[in-house]
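As you go down the protein sequences, you meet chains A and B in turn.
Counting from 1, position 19 in the first sequence corresponds to residue 19 in our numbering; the numbering is continuous, with no gaps.
Counting from 1, position 96 in the second sequence corresponds to residue 96 in our numbering; the numbering is continuous, with no gaps.
Note that these hints are calculated values from the structure, not bench results.
Given the structure is predicted, the values throughout are model-derived calculations rather than measurements.
Be careful, since some hints might not be right.
Derived DEER-like restraints, expressed as beta-carbon distance ranges [said to hold, decoys possible]:
#1 A:M32 x B:V42: 49 to 57 Å
#2 A:D31 x B:D133: 53 to 61 Å
#3 B:G49 x A:M32: 52 to 60 Å
#4 A:A28 x B:G216: 30 to 38 Å
#5 B:A28 x A:I35: 39 to 47 Å
#6 A:D31 x B:R68: 54 to 62 Å
#7 B:R38 x A:A28: 49 to 57 Å
Glycine is no exception: its CB is placed at the ideal position from the N, C-alpha and C atoms.
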Amino acid sequence: MQWSDALAIALVLSAGAAFLLGERALSAAEDMRAIYWLAVGVVSLNAAVQVARPGAKA
Amino acid sequence: MPASSLFDRLVARGAPAQAAIAGGYAWAVTVAPTVWERGAPVIAILADGVGLAALLASAVGDRLWGGRGRAAALWVFVLASALAWLSAPAALRPTRLDTTRGLAGMAGWALFALASAGPALGERQEPGRVVDDAPLEARNRFARGDVAYPLVGGAVALGLQAVGWGVTSPERALLVRLVALAAGLAIVGTAAEIALARHAPRAPRSWKARMRTVGGPLLLLAGLALAGLLFASRG
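Isolated chain A (complex conformation) (with noise of 0.2 Å):
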């Protein structure tokens, strides 16, 4: 497994981790904290197929 891998594996377990703490927000009425979770979540998948792209590994 190379340094990439990881690292996207951890940007998706990130994605997740900010995803829950989105929703349980997004349950609790605080709409500005569940926006900030999901937006991190968001760019944490997105920045995992990134890294994990062939074309951008050595």
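Model the placement of chain B on the given structure of chain A, informed by the hints.
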């Protein structure tokens, strides 16, 4: 009973079995509860029974009169279900019908409509013309460890479904479920994409070129983390 045998028998039954399974599910979730009401009208009870009988009779109708017999029996089932609802409207009030059961019922009727209009499975129309050959060889196979990616993604997606079931407002509860579903799908899709990317040819690239591709999302992520820290420090 082996799975293949069950599958073969379901295929042999054809369209009536598929419509009956989906219709039976929709009936059990949305129509049958109308007779559980205390003091349910006799018409509702009768319509419930007629609907179920018509659903079961659709297989007989298909055997005796073909597609027309099946269609007639299924229409009797649908009309009897509508009559049961009309005669006991209290069973469909939002206070009686919770969200989960309502969604399950909608899915059941959609499946019934799909199975009735376009059955997915059918008997071989001309078995004599079918040539059984050796199974096709797969062009590519999963490498060891690939399965772990969608499995982990699926586990995370399932974990997201565990949150937000105690929300009292129906609109917010629905929003939470939608967000959980969308986030879960995105995670499973990304996990699968990462697994596939492992097998694609990798061209050697310079550090600068690599950072041009990866740097943007990582910088954005760092910016969001910084903003979160600032937001948290201000209380």
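Outcome of the hint check:
Separated by about 56 Å at the C-beta atoms, M32 of chain A and V42 of chain B satisfy the suggested range of 49 to 57 Å. Separated by about 59 Å at the C-beta atoms, D31 of chain A and D133 of chain B satisfy the suggested range of 53 to 61 Å. Between G49 of chain B and M32 of chain A the beta carbons are some 54 Å apart, a value that agrees with the proposed interval 52 to 60 Å. Taking the beta carbon of each, A28 of chain A and G216 of chain B are about 32 Å apart, inside 30 to 38 Å as hinted.
Checked against the given bound of 39 to 47 Å, the beta carbons of A28 of chain B and I35 of chain A, roughly 40 Å apart, stay inside it. One distance hint, 54 to 62 Å for the beta-carbon pair D31 of chain A and R68 of chain B, holds here, with the actual separation near 55 Å. Taking 49 to 57 Å as the suggested C-beta distance range, the pair R38 of chain B and A28 of chain A does not conform, at roughly 38 Å.
Violated hint: 7 only; the structure is consistent with all others.
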